[in-house]
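Q: Take the sequences, apply the hints, and build the full model.
One letter stands for each residue in the lines below.
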Amino acid sequence: MTRFIFAAALVAFFTVPAHADDAFAAANQQYVTGDFAKAAETYEELAKWGPGRSAPLFYNLGNTYFHLHDFGRAILNYERALSLEPNHPEAQTNLSVARDEAHALELAPTWRDSFVHFARPNQYAIGACVLFWIGAILLAIIGGRRPRRPLLTFLGLLCLGATALLVFLVYAIENGPRGARLAIVSRGETEARLATADTAANVLTLPPGSELKIEEQRGEWAYAFLPNGMHGWVPLRTIDFVRL
Amino acid sequence: MFRAGLTVLKAPLVTLFAAIALAQSATAATPSVTAVLSNSSVAVGQAVEMQIRVSGGGATVPRDIAVDGLEIHQTGTSSQIEMQNFDISQKVTYSYTILPLKSGTFRIPPQTVKVGGSSLRTPELELTVTAGSSSGSMNSGHGNAPTGQRQNAKLAFAEILVTKPTAYVGEIVPVEVRLAFYSHARARLVEGPEIPSQGFTMQKLQAPDQPRMETISGNPYQVLTFKTAIAGARPGKFEIGPVQAGAIMIVPRQPGSRPRSSSPFDLFNLDDPFSDPFFTDPYSALGQQEKITLKSEPASVEVKPLPPNAPPSFAGAVGNFSLHVDANPKSVQVGDPITVTATISGRGNFDRVTAPALPDAKGWHSYPPSSKFKQDDDIGISGSKSFDVVLSPNERKDSIPPLEFSYFDPVSEKYVSLKSSAIPIHVEGEAPAAASPAASVQSSAAPAAAPSATPQVSAKPGEILSQLDERPLGAGSFTPLFLTKNFWLAQLVPLFVVIGLLIWRRQTARRRNASAVRIAALHREADDLRRKLRRDDSRPADFFADASRAIQIKTALMSNTDPERIDAAAAAKVLRADQNADERIRRIFDRRDELRYSGSSNGFDLLGPDEREQLIQFVEELAR
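So the protein lines, in turn, are chains Y and A. First residue of the first sequence: 423, per my numbering; consecutive thereafter. First residue of the second sequence: 516, per my numbering; consecutive thereafter.
Quick caveat, the hints were computed from the structure, so don't treat them as lab data. Note that this is a predicted model, so its numbers are computed, not measured. Note that beta-carbon positions come from the ideal geometry of N, C-alpha and C, so glycine has one too. A hint or two may mislead.
Claimed, not checked - Across the chosen pairs, the derived CB separations fall in these ranges:
(1) Y:E638 to A:E706: 22 to 30 angstroms
(2) A:G944 to Y:A541: 20 to 28 angstroms
(3) A:G944 to Y:E528: 23 to 31 angstroms
(4) A:A1024 to Y:L573: 17 to 25 angstroms
(5) A:G850 to Y:V552: 40 to 48 angstroms
(6) A:S846 to Y:W471: 52 to 60 angstroms
Stated by the list, open to error - To be clear about the criterion: a stretch of chain A counts as covered by chain Y if any three or more of its residues have a C-beta under 8 angstroms from a C-beta of chain Y, and this derived list gives those stretches:
(7) 879-888
(8) 1008-1015
A: And the structure:
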């Protein structure tokens, strides 16, 4: 029985990437032949499936929607590619062009954003871990010993202080405009409203591809921080979160 | 006694005084009547109050007055008694609320008022109703129909007053909520008022600063008037209210708890609550606190749909507005920002007033506007809303094109489009040589769409949409590392290291501590032994036992061993004793054993004082 499970796991391990590669190649072929709708469908299937996700996949999907003049979804997928690979040069370029085509609105960066985005959250998290454990080990070695070792104590506390700073940076990124709650207007132009009703006053008209920071969800509506610095309610059906 | 006598006499005295007053008023000067308007010029939909003042006593007045284009209803009565040079006169004021339904000049015809046996006529009044909004404040009082129900026999009541029976979708309708408490009953509002409404959006209820005294149906009331405004969200007939509020009042004790004395005003024993003597003299008996709930009748408003064929720039504003536009700076380079400030003033639903549109956006970048609203009244239906729109010219321009704002005017029942005049500006510099995709698209795009703030890219879409063929081996994940299970599992390794370090540190410290305790005990024992050796009365067996023990302890402290395991040879070796000292150490140990085990002698004769002193000095030298 154990052998069977092991063998099945091995087969799954090798067949999953093979299947993803095949689907990816098939979608690329559909794109080359100009069947953009079919290519988008194949890419989307692949994107729904966790092991199939990658920056090139979302970049290609963005290109496909660009051809279909669906700029909202094109921008969404370029953003997803950049979320997985922030320095993806093609995705950066195409996102810029797609935004101009769609007249998409971006969330205004704050002074804090330029500071906190010096590295990625995962890098900050690893750095915080390493520093925390160095600090903890130093303090564990020193702990209770008399006389105290001031240099080691200082280094231990410095490490813990640096850990706190890095944790704050991770928090600031995750809760900032480009963090976990970044969403894109993906289903055409929509309106941000003062209340959760289609008849409520309009706060801002959002072209497709516009960025939002979702702060609360209530039923079919999401309360969002808008590119003009105001807040408004947008229908959930018109937006997609960048992070899957 | 005197106080009791006054109480007994109070009722007949009051009755007598009232009778004199009534008699005087009946014989007062000839009755007269007049009529006044609180405002002779108002806007359509704005209520105005008319008063018919009768001096000389109560009168019979018409309840409703029919004038085409005006709705006039009686809303209240107040009376006062004046005494001048012993001449007492009674004045009664009958209040009416007039709601203009259309613009024009209206004449309210003379009304016939019967006072006593004579008929009098009021003067003719003229009311000018303008189509636009008026700067006058809203009159209190209800318009189309008394939507609340005043129950005169109650100590408190609530009513909701809606100034218009019909309105368009989005049109602002002022609403008043009145809570009245009989003035002699001490009342405190504790809850609300709350207005349930469906199909309307409602402004925040504005609480009054002070209650106002009013005479309603001949009784004095303290009236709290809350103001708000509603706007229909969809067409249909809707109900507002009933208004509910909770208050605590001090009322007379229940009949079962206190026998109620009859009031001189309750002549017909109608059990009128106002006739309770508690109200005429609250100190004559204690009242009790009672929580009461005030509930009004609901009011109904019919919401009409807006007419079709709204202009493209219409975004739901209903009311009467004016537009003023200015720009700064007026001399810029191509690409520089120009702040265009558009101020929309007037009266209406400002929450639906959006920034004016720029119909001719060719060659312009526009950025999302910011807005601020300055209200001129309590409930925010009158004021001015200004928008700052940042425009950036892509090419040379000589003027900022007109901005357009549309609204629906409920008075004229038409859409109105306001267009600002073009603002001359001076733009220097050249447009970019190659038009970017964004710029070319923008020229054909909807003007309301705001452009991206990203720098323009001159690449053409066809050149950049090449697919990537290579897929990375690992799957990408949007989940941050610190939210994954493996990340936290990996933390177990350094955690175990730290826990191991802490355990090691603790055990080391414990061992160190035990050793220190043992050494301290040995030092204490050595001190005790030195003191015991100096005692003259100790037996030789004890003396040699203590001396050998002192040598063992000294040796144990130097060699960090157990003192019990140290014999004479070991002590001599550790203490580096010379031959003589070695011999003396052996002799001390031998004598100890001899005295301990042989039991042959316990006498003092075996240890002379000199020898004892020499041995003490020897042991002390060793111990140093």
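Q: Hint by hint, say whether it matches the structure.
A: Hints versus structure:
Distance hint for Y:E638 and A:E706: a CB-CB separation of about 28 angstroms, consistent with the stated range 22 to 30 angstroms. Distance hint for A:G944 and Y:A541: a CB-CB separation of about 39 angstroms, inconsistent with the stated range 20 to 28 angstroms. Against the hinted window of 23 to 31 angstroms, the Cβ-Cβ separation of A:G944 and Y:E528 comes to about 25 angstroms, which satisfies the hint. Between A:A1024 and Y:L573 the beta carbon distance is about 21 angstroms. The supplied range of 17 to 25 angstroms therefore holds.
Our hint of 40 to 48 angstroms for A:G850 and Y:V552 holds, since their Cβ atoms are close to 46 angstroms apart. Separated by about 58 angstroms at the C-beta atoms, A:S846 and Y:W471 satisfy the suggested range of 52 to 60 angstroms. Here the stretch 879-888 of chain A counts 3 residues with a CB under 8 angstroms from a CB of chain Y, which clears the bar of 3, and the coverage holds. Check on the stretch 1008-1015 of chain A: 3 of its residues sit with their Cβ under 8 angstroms from a Cβ of chain Y, so the three-residue criterion for coverage holds.
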